[in-house]
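Student: Next come the chains, spelled out residue by residue.
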Amino acid sequence: MTSLAKARDWFAGLGRGTLLCREIVVSLATVKPVWRDVVYQMYFIGVKSQSVVVITGMFTGMVLCAQSYFQFHRVKMDSATLAVVSVAMCSELGPVLTGLMVAGRVGAAVAAEIGTMRVTEQIDALRTLAAHPVDYLVVPRFLAMFLTMPLLTVESISLGIGAAYLVASFLLGINQADAWHQMISHTDVIDPLTGIIKTFIFGGIIAVVACDKGLSCPQGAEGVGHATTEAVVYSSIAILISNFFLTMLLNTLLR
Amino acid sequence: MMIDVRNVQKSFGALRVLDRVDFSVEKGQAVAIIGVSGGGKSILLKHIIGLIAPDAGEIHIDGQKITGMDERRLLQVRRKFGMLFQASALFDSLNVEDNVGFLLRREGRTPAAEIARRVGEVLELVGLEGTQKKMPAELSGGMRKRVGLARAVIYRPEIVLYDEPTTGLDPIAADSIDQLISRVVDTFQVTSIAVTHDMRSARRISRRILMLHQGRIYADQTPDEIFKSTDPIIYRFVNGIAEPIGKNTFV
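One line per chain: the protein sequences are A and B, in this order. All residue numbers for the first sequence refer to the working numbering, where the first residue is 49 and numbers rise by one. All residue numbers for the second sequence refer to the working numbering, where the first residue is 80 and numbers rise by one.
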């Protein structure tokens, strides 16, 4: 594929994603969501992501704690270790790493499921049965992702800080009361708030990209594989890029 | 006219699949569209129900122009249609009962008990009583087609479209599907269009046959006329005779 064709495909995808967002807004404004489907999707997203979210949160907190300690120890600032972990986990690492993990785990599953439905004509069947694919497939996944991502991120942040506290206290020998006090005094309410606001956006990005890739999936088994890979890659890139702009915007607005 | 297809054109890249296709179908008529595989029959069927938009031309359903119509308004028009897909297109995650009663459940106007009764009734019509709790993966190809047929007719549509209803089935299963389609036409007095390359099936389920050849309607005749035709293209298709292969053709 030439660079021009790739660029054209990329812009076409961006256009499709925008139209899908518009259709989601129209659906939310005019059609009552089936909450049973939303709850099922929340269960699917939440439960299926538990292992990756728990492991990612805990080990990120632990390694961040250890690495910060090794640096701070040189300048006798051991007690600042947990403060760094807390701020980084709340505002950046918690939401971004949870977003990337959910994009890999759930985004791929959603793109594969909807893509398979497309190549087996089930999406066409939905349309002939007077059901709009956005109402039936996209909106429940979008709402579920929108509501579940913040919960998963809070879980990841809490586990990360908890695991870091254990590492700091029992492995690195940092004074517990001092480290805890420093952490509380240096973590502003804006840090977790920034992180949680980001997760709503990340959830929306994963749902829209994964559903769009599924709905526009090329024919055949290869097409489904292609759509799945693209869903993960594009949503991960979109999370990383939007994170920078969100950090700049939210810090300007909130601080 | 129930269905009016006016000068419809459709291309995919450089390939022109439909080239000024023009025909209409009256209410209650049973029509078969025949033609070679890959000749655009299924594409034409999907144009009629608004799943694909034409590049040029218009399609009118019951006097209403559906070309260029917004998808949400099209959903209302599609309520008039039932469609049986080539590979049945049953929803994998739903059992037979939920597949067949899908539209009635989604609309939310019919009580659950009434839906269950109607699902039982229509499954009996297609000879699959008692299979309500089975999943699509547990069914054979012929059974899946029957469930697809039940799903397409449960809400009493005015038009039923069949995309290759007998393809991939053994002759006995294909025959039973033909009988069911005839039964549906007689029972519900629906307008029906079946796309097929199975000539025996076309003869059994229709009173009028359209032949699609090189993107155009090449013939529009009764089944008897088609079977007696001496036109070389129709004759070869009906009798399954390939174009003569030249001496220098490498096979």
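Everything labelled a hint here was simulated from the structure, so no lab data went into it. Do not rely on the hints blindly, as some may be mistaken.
As the list claims (entries may be wrong) - As a list, the in silico SDA-like pairs of lysine to any residue whose alpha-carbon atoms are at most 25 Å apart:
#1 K106/B - S90/B
#2 K96/A - E237/B
#3 K80/A - D172/A
#4 K54/A - S90/B
#5 K213/B - Y184/A
#6 K212/B - K54/A
#7 K80/A - R158/B
#8 K212/B - E161/A
#9 K307/B - F267/B
Student: Indicate, hint by hint, whether the structure satisfies it.
Tutor: Hint by hint, here is what the structure shows:
At most 25 Å may separate the alpha-carbon atoms for a hinted pair to count; K106/B and S90/B exceed this at roughly 29 Å. Distance restraint check for K96/A and E237/B: the Cα-Cα separation of roughly 44 Å exceeds the 25 Å cut-off, and the hinted pair is therefore not satisfied. At most 25 Å may separate the alpha-carbon atoms for a hinted pair to count; K80/A and D172/A meet this at roughly 22 Å. Using a Cα cut-off of 25 Å, the hinted pair K54/A and S90/B holds, with the two alpha carbons roughly 22 Å apart.
A distance of roughly 22 Å separates the Cα atoms of K213/B and Y184/A; the hinted pair therefore holds under the 25 Å criterion. Between K212/B and K54/A, the direct Cα distance comes to roughly 47 Å. Violation of the 25 Å bound is thereby established for this hinted pair. As the CA atoms of K80/A and R158/B are separated by approximately 19 Å, the hinted pair is consistent with the 25 Å bound. At most 25 Å may separate the alpha-carbon atoms for a hinted pair to count; K212/B and E161/A meet this at roughly 22 Å.
At most 25 Å may separate the alpha-carbon atoms for a hinted pair to count; K307/B and F267/B exceed this at roughly 31 Å.
When held up to the earlier numbered hints, the structure conflicts with 1, 2, 6, 9 and fits the remainder.
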